[in-house]
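Number of protein chains: 2
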Amino acid sequence: MTSPAMTNFRFELLARDGAARTGIIHTPRGDVRTPAFMPVGTAATVKAMLPQSVRETGADILLGNTYHLMLRPGAERIAHLGGLHKFMDWARPILTDSGGFQVMSLSALRKITEEGVKFQSHIDGHAEFLSPERAMEIQRLLGSDIQMVFDECPALPATHAGIEKSMTLSMRWAKRSRTAFDQQTDRERLGRACFGIVQGGTFADLRRRSAEALQEIGFEGYAVGGLAVGEPQNAMFETLEATVPHLPSDQPRYLMGVGKPDDIVGAVLRGIDMFDCVLPTRSGRNGQAFTFEGALNLKNARFADDAAPLDADCGCPACRQFSRAYLHHVVKSGEIIAAMLLTWHNLTHYQRLMEKLRQAIAESRLTQWAAAYRTARQPADNISTLP
Amino acid sequence: MTSPAMTNFRFELLARDGAARTGIIHTPRGDVRTPAFMPVGTAATVKAMLPQSVRETGADILLGNTYHLMLRPGAERIAHLGGLHKFMDWARPILTDSGGFQVMSLSALRKITEEGVKFQSHIDGHAEFLSPERAMEIQRLLGSDIQMVFDECPALPATHAGIEKSMTLSMRWAKRSRTAFDQQTDRERLGRACFGIVQGGTFADLRRRSAEALQEIGFEGYAVGGLAVGEPQNAMFETLEATVPHLPSDQPRYLMGVGKPDDIVGAVLRGIDMFDCVLPTRSGRNGQAFTFEGALNLKNARFADDAAPLDADCGCPACRQFSRAYLHHVVKSGEIIAAMLLTWHNLTHYQRLMEKLRQAIAESRLTQWAAAYRTARQPADNISTLP
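Heads up: the protein sequence lines correspond to chains B and A, in order.
Counted from 1, the first sequence has number 183 at position 183 by the numbering used here; the numbering is strictly sequential.
Counted from 1, the second sequence has number 51 at position 51 by the numbering used here; the numbering is strictly sequential.
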């Protein structure tokens, strides 16, 4: 097991509460408070938000998508323009995924070999290729602070044999990704990190083997991949319980693509430190708003004359400046300000949730907090039941 | 000629330069520097902008649309929620049109009688009715600071007889609008104003008769309506030259629905004080940006690698924080931030234009400034020639 000397990337654990932890990921571009939620900036923009507004919600770090950015505007172009941070005006840390998940979910005519994946762009049908080496090259060109290994993301449910074959391929790709990352000449000076991704579907034995294989290679952090692909919440939680104990306790753990607020609470209880998800931004564009009492659908006619704020405890512009009646009106009218305000609110809500989780862990009262959190939510209004 | 005693609404002329003037419209909700450009907030939002951002561009006053707001969310509802200013979080002055123009341009199955206009909502086909009395009632319910008389807007070109018949109807409606406005019990306390609208197409004799008829009634300001409906620019300018000399010199003059930047410059040279137009906002949503050298289409591939700011002299977020290459990318990707940034830029550009006009008038150099302005613009890139 190698242990790369990253002088500028460091995970500082501040407190533990059961399996949960709170801490700080120190990077040259700024600190990331954990548990952390990373807003998704797919195409070099967190949709419907200016970057300073994303920061105002409390976000310490963004996620960028290798797959989208390689297709448009192109990694070499972004590098020529000074890197992704400058391009999208976000000076703080950026984590980039490797493109593995999007290749599987978005592109057409995929052909997977040991070397990598040939596929067609979902934008214009152009023939493209991703491999561990190319995925890390793209992330270097983007200037990513936390780079993810290139992996295969199989669909669930799948057989044990199918998932095992896929996982072992992902582990060979993880090794090649680490080697390619280690050849980036400025990685140490810039304090960049490379994270491995545990695969193995919902099979505990495969998850354990994957976690061990990644630690043989050695990474600055470990992600749990291949979840949030439609499996029930209890399957996700069971998989975390079978995986997290086999990961290093002194390095960050990242659950990719998760999730709903109660998914996040459950995963933090099981030892996860980092999250990303399009739900707050996508829901905001669909007229849905998260609150600590559950989610609201602003399209609902019951809000047409509601002079109350969306969430009286929230400090975002949607809640400070407008009524539910106004939000209902602009959602129904299809106005862009509806997407802007509800996205801002939802990202603020997610950051408030993370802050409450961090405080509860720091004060060793996470279990009680999580129980009260679940009680306060009204299941009928839960986002999962919205039309 | 009546001269309503409006203690709180007052037009202060600061300087004249030829036919052009600069001044301040004082209202209880704040001052409006003239010549003024009013961003259009059709459905209780300036599209793709938060209200504080609209103010940051330099706007002193917004325009709201009676037609749109009466259909959705409804004038009585907005009144119940505290008025349009509170509803949309804009504490400064709001001018509302009377719905006359939109009834003609947007609704179906119009039936015009002496009493008013029956029409079908363009949203849901609902049967609706607007009259001078109802239009002023709606504007009162909205809490509008400057209320426009209800008028008929005939399509151009039209015969002299057709325009004359329409104009004389509009003058009878103007009288009824003024009477209805005068019955608003709190109009004086709130410093509200009512503006007449000159009609008469491109016929100088009808414009003069209309201007005189309105002054017989007496208003706090006078608008020129029925233009910006597709006529050539020189026809618009000739109509202004035939109209403005017949309007009071000590009250504001408002050219409705205009226009392109060089339309505005030409109209200011001919004595107009106020403007509104959807062009900066609509163009922003279509990837077009105004500069003092002409308009740019950010969709153009020549911007894909352009690291320069959109306009180095502009202080808006699009110009301060991003490159043309980024704006090209987000326009091509259909990202909401493209509409947000380019709308912000275009509204900023329009306000910068108005500020330059005000300064040039104050310093008695408008003619020279306008000549230099026209020279600097590159006709090939003019917005009117954009695809």
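Source of the hints: derived by calculation from the structure; they are not laboratory data.
Don't take every hint at face value.
Copies of the same chain look alike in the list, so a pair counts if it fits in one copy or across any two.
Here are the simulated DSS-like cross-link-like pairs (lysine-lysine), alpha carbons at most 30 Å apart as the crow flies [stated by the list, open to error]:
id, residue 1, residue 2
1, LYS86, LYS47
2, LYS356, LYS175
3, LYS332, LYS165
4, LYS111, LYS260
5, LYS299, LYS47
6, LYS86, LYS111
7, LYS165, LYS47
8, LYS332, LYS47
9, LYS356, LYS111
10, LYS86, LYS299
11, LYS118, LYS332
12, LYS111, LYS175
13, LYS175, LYS299
14, LYS260, LYS118
15, LYS111, LYS332
16, LYS332, LYS356
17, LYS332, LYS86
18, LYS86, LYS165
19, LYS356, LYS260
20, LYS175, LYS47
21, LYS356, LYS118
22, LYS165, LYS118
23, LYS299, LYS111
Quantities reported herein were computed from a predicted structural model and do not represent experimental measurements.
Hints, verified against the model:
1. LYS86 / LYS47: both (17 Å within a copy, 27 Å between copies)
2. LYS356 / LYS175: Neither way: LYS356 and LYS175 sit 37 Å apart in one copy and 62 Å across, limit 30 Å.
3. LYS332 / LYS165: neither (48 Å within a copy, 39 Å between copies)
4. LYS111 / LYS260: neither (32 Å within a copy, 52 Å between copies)
5. LYS299 / LYS47: Answer is both: 20 Å inside a copy and 19 Å across each meet the 30 Å cutoff.
6. LYS86 / LYS111: Neither. Shortest intra-copy (34 Å) and inter-copy (57 Å) distances fail the 30 Å Cα cut-off.
7. LYS165 / LYS47: For LYS165 and LYS47, the Cα distance exceeds 30 Å both inside one copy (36 Å) and across copies (51 Å).
8. LYS332 / LYS47: both (19 Å within a copy, 14 Å between copies)
9. LYS356 / LYS111: neither (44 Å within a copy, 60 Å between copies)
10. LYS86 / LYS299: Only across copies: LYS86 and LYS299 sit 21 Å apart there, 37 Å inside one copy, limit 30 Å.
11. LYS118 / LYS332: Classified as between: cross-chain Cα gap 25 Å, same-chain 42 Å, threshold 30 Å.
12. LYS111 / LYS175: within (21 Å within a copy, 75 Å between copies)
13. LYS175 / LYS299: neither (48 Å within a copy, 41 Å between copies)
14. LYS260 / LYS118: Neither. Shortest intra-copy (32 Å) and inter-copy (49 Å) distances fail the 30 Å Cα cut-off.
15. LYS111 / LYS332: between (43 Å within a copy, 28 Å between copies)
16. LYS332 / LYS356: This pair counts as neither: shortest intra-copy Cα distance 32 Å, inter-copy 39 Å.
17. LYS332 / LYS86: between (36 Å within a copy, 19 Å between copies)
18. LYS86 / LYS165: Neither: 40 Å inside a copy, 61 Å across copies.
19. LYS356 / LYS260: within (16 Å within a copy, 51 Å between copies)
20. LYS175 / LYS47: Intra 34 Å, inter 49 Å, cutoff 30 Å: neither.
21. LYS356 / LYS118: neither (43 Å within a copy, 56 Å between copies)
22. LYS165 / LYS118: Answer is within; shortest intra-copy Cα gap is 19 Å, inter-copy 70 Å.
23. LYS299 / LYS111: neither (42 Å within a copy, 33 Å between copies)
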